[in-house]
Amino acid sequence: MDVAYVEDKFAELLLHVSSRLQGDRAGGATKLNKVLFFVEFTHLRRHHRVVSGCQFQKLPHGPAPHQLLPVRRRLIDSGAAELIEEDFLGRPQHRLVPKRAADLTWFTAEEMQTIEDVLDQP
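Sequential numbering of the sequence shown, starting at 2, is according to this note's numbering.
Please note: incorrect hints may appear among the correct ones.
[Unchecked claim] Straight-line C-alpha distance at most 30 Å; calculated DSSO-like pairs for lysine-lysine:
{"no.": "1", "residue 1": "Lys59", "residue 2": "Lys100"}
{"no.": "2", "residue 1": "Lys10", "residue 2": "Lys59"}
{"no.": "3", "residue 1": "Lys35", "residue 2": "Lys59"}
{"no.": "4", "residue 1": "Lys100", "residue 2": "Lys10"}
{"no.": "5", "residue 1": "Lys35", "residue 2": "Lys100"}
{"no.": "6", "residue 1": "Lys35", "residue 2": "Lys10"}
{"no.": "7", "residue 1": "Lys59", "residue 2": "Lys32"}
{"no.": "8", "residue 1": "Lys32", "residue 2": "Lys10"}
{"no.": "9", "residue 1": "Lys100", "residue 2": "Lys32"}
Simulated from the structure, these hints should not be mistaken for lab results.
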């Protein structure tokens, strides 16, 4: 089973998922983390391989990629994304907003199918 972490692939996954969550009012950091978790583990269950190989940590509101903060910082510093704070049900919500489209050539057809299947769940 291949579980090697590929940072550039994770960065593109982060951009793509963030882009797809832009129309979701609840699409802040917590939902982003959960979608990334379900993408990795759904793909592992289906194909015995992970997508980016990121490692997850337990946080109070659910799992989060251990590598998220440094990769998010890299994307923001390079101008590929920005982080905005919005009000959601009276609480602050942090949302990653892509400034460029993700490079989807990093992903196989199987990986893209898994990503889209997870994103299409209600």
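Satisfaction of hint between Lys10 and Lys32, Cα-Cα up to 30 Å: 20 Å, holds
Given pair status - Lys100, Lys59, alpha carbons within 30 Å: 29 Å, holds
Satisfaction of hint between Lys59 and Lys10, Cα-Cα up to 30 Å: 22 Å, holds
Satisfaction of hint between Lys32 and Lys100, Cα-Cα up to 30 Å: Judged against 30 Å, a Cα distance of about 19 Å means the pair holds.
Restraint check for Lys35 with Lys100, where alpha carbons must lie at most 30 Å apart: 22 Å, holds
Pair hint outcome, Lys59 versus Lys32 [Cα-Cα no greater than 30 Å]: 14 Å, holds
Pair hint Lys35 and Lys10, alpha-carbon separation not exceeding 30 Å: 18 Å, holds
Satisfaction of hint between Lys10 and Lys100, Cα-Cα up to 30 Å: 17 Å, holds
Hinted pair Lys35 and Lys59, Cα distance within 30 Å: 11 Å, holds
No hint from the list above goes unmet by this structure.
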